[in-house]
Amino acid sequence: MMNNKTIIETKNLEKVYDDSKVAVHALRGVNLEVHEGEFMALSGPSGSGKTTLLNIIGALDHPTSGTVRVAGEDLSGFTKSELSRLRLDRIGFIFQAYNLIPVLTARENVEYVMLLQGVDEKERIERAEAILEDVGLKDYINTRPNEMSGGQQQRVAVARAIVSNPDVVLADEPTANLDSATSSSLLEMMREMNETHNATFVFSTHDRLVMEYARRLVKLRDGQVEDDIDKDA
Amino acid sequence: MLMTLKLAWRNIWRNKRRSAVILTAIVVGLFGMVFMIAIMKGMSVDMLKTSIENGVGHVQIHEKGFNDNMNVSLNIRDPKYVINFVEDTPSVTAYAERIKARGLVSSPKSSTGVEIWGIDHVAEPDVSAVKNYLVEGDFLTGKKGEIYVGRSLAEKLKVEKGDKIVLMGQGLATEIGAGAFRISGIFESTSKEFDKYNIYINITDAQELLSMPGRVSEIVVVTESLDHVEPVTASLKEDLEVGGLEVLPWMEVIPLMYQMISLWDAFNYIVYILVIVAMAFGIVNTILMSVLERTREIGILMAIGTKPGKVFSMVMWEGFFLGLTGLVAGWVFTMLVFAVISRTGINISIWADSLKYMGGISPIIYPVLHWNNIFGSSASVFFAAVFSAVYPAVKIMRLNPVEAFRSV
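These protein sequences, in sequence, are chains A and B.
Numbering that gives the first Met the number 0 numbers the first residue of the first sequence as 0 and each following residue consecutively.
Numbering that gives the first Met the number 0 numbers the first residue of the second sequence as 0 and each following residue consecutively.
One chain only, chain A, in its complex shape:
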């Protein structure tokens, strides 16, 4: 499901890392638009700039030049505190590993983001339990991450990412530590979330399976967009 509302927009995005003796041009003028409801994958070989691009549009890092807008807001003037607030309210994250707080149960992990947002306890619990049921983990509400499989942990991460109704969910290699069957199941669930909750998903991935599930595929190479394939077009 897509409409014309633009969630993410980058213009001439550049990122240069100057940490070591040699400057590394991670992004070289990336122009990208992500629309509401998209199920999109950023692919490319290692060093192509996928993770850097994801970090910038996720308000975790600043570009060296160029602009990035998330939900209509230009991030260039944002302070660290404002970026933190934006991430909390507008962006959901799913990472490859270490997504969940090990000492909290599945429900507490999902509640955590709503807690930071100031949602009251009753509503937090209701929404957390509802979303966990949606991702097929009704029976694991009070289970801790170390008592779950990798796939189940990622489902909890998805639940946490979308429970606060973010504008976009950014997933960095979410299937990297999973076997293909579990990956398929996870991707099926995320696509269902995309369709039922109209959640916008942007993946950074090497995984062919993710690329197959994605309805739009943006290929990066050497910090530039090499190809942009809209499978629905």
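No false leads were mixed into what you were given.
With a straight-line Cα cutoff of 27 angstroms, these simulated DSSO-like cross-link-like pairs (lysine-lysine) come out:
id, chain 1, residue 1, chain 2, residue 2
1, A, Lys137, B, Lys5
2, A, Lys79, B, Lys309
3, A, Lys79, B, Lys306
4, B, Lys394, B, Lys309
5, A, Lys10, A, Lys230
6, B, Lys5, A, Lys121
7, B, Lys15, B, Lys394
8, B, Lys160, B, Lys142
9, A, Lys230, A, Lys4
10, B, Lys130, B, Lys195
11, B, Lys306, A, Lys121
12, A, Lys121, B, Lys309
13, B, Lys191, B, Lys163
14, B, Lys155, B, Lys143
15, A, Lys20, B, Lys394
16, B, Lys48, B, Lys236
17, A, Lys79, B, Lys394
18, B, Lys236, B, Lys79
19, A, Lys4, A, Lys218
20, B, Lys394, B, Lys5
21, B, Lys195, B, Lys157
22, B, Lys155, B, Lys195
Just so you know, the hints here were simulated from the structure itself, not pulled from any lab data.
Fit chain B to the known structure of chain A by using the hints.
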């Protein structure tokens, strides 16, 4: 806030073994600190008690200057005048008149310098423990010519109960007074030195020996407790010092003892600081390890919107809970041990011989737990734990989430 507390509490139990080790260190540190200070307090209380019971009393009244040189000419001419004020002073439980002078005691075999105590055999047991030290024969009964000597003096003079010895002392009229006395009893205190240099005769015999009829060298006063010493001293000073007398609390009679006790109390603060530093190094290492192990996890927490301040407070609460848990466990252990040793005491009698030369420490020391110790030790441990969390908390709150994701 509740989530932060929940996270902090659960985080310290993530690695149970590591937390158990650091909690054990806190328990041992707290116990060691409390025990050492309590033992030292017990020793100082015991030494003070012994000194007071050996004749210092709580307050002494003399002619001005007597305490410095024990000159017989510095005496109280009208003891009844002083006693009237003493009896009217609240919180005074007992008093006794004494003659005190330096003299020489001789036997056929030996002679030695001594301090002569002329005492009231009825009143003296209420102000000192000298009668309780009796090991052979009888305490003074008021009969003329009795003398009560210490075991080590008897051994030095090679005399026994019933033997005669000669006592000489500087009289009031500058002539030397001398008299023969029969040993009625032998005593043995906790101090060999005390036993060797102090002899007791009836006050009337001392007045006759030193040509001091009706006069006394001092009036010693015992109050309800050590807490009453200062107000009693103040009251008696007001009444008596105008007439040329001096009223001295025990702190001024035995200033070295008082300074030693004060020094030992001050030493406690050094102990607190040392323990804080030693404990802090251990705890900071533990918390730092635990926090650095969670770099990626904390990076993700910050990525999803957790502010650095919240991360900081989470780590600080971990330090708080470690300190609090260690403190509670430490006090449970300490009180269990104290429940036993406060009844049995610590037996240091293997050093009994040397103790007798140390001014009278008992062979069994009872630790004394004072509120200062309880509060100071608890505060030290707790402060060490919380303070130790500051560096790891600051370090982790400055984390850049992107760098955190790259950490292994």
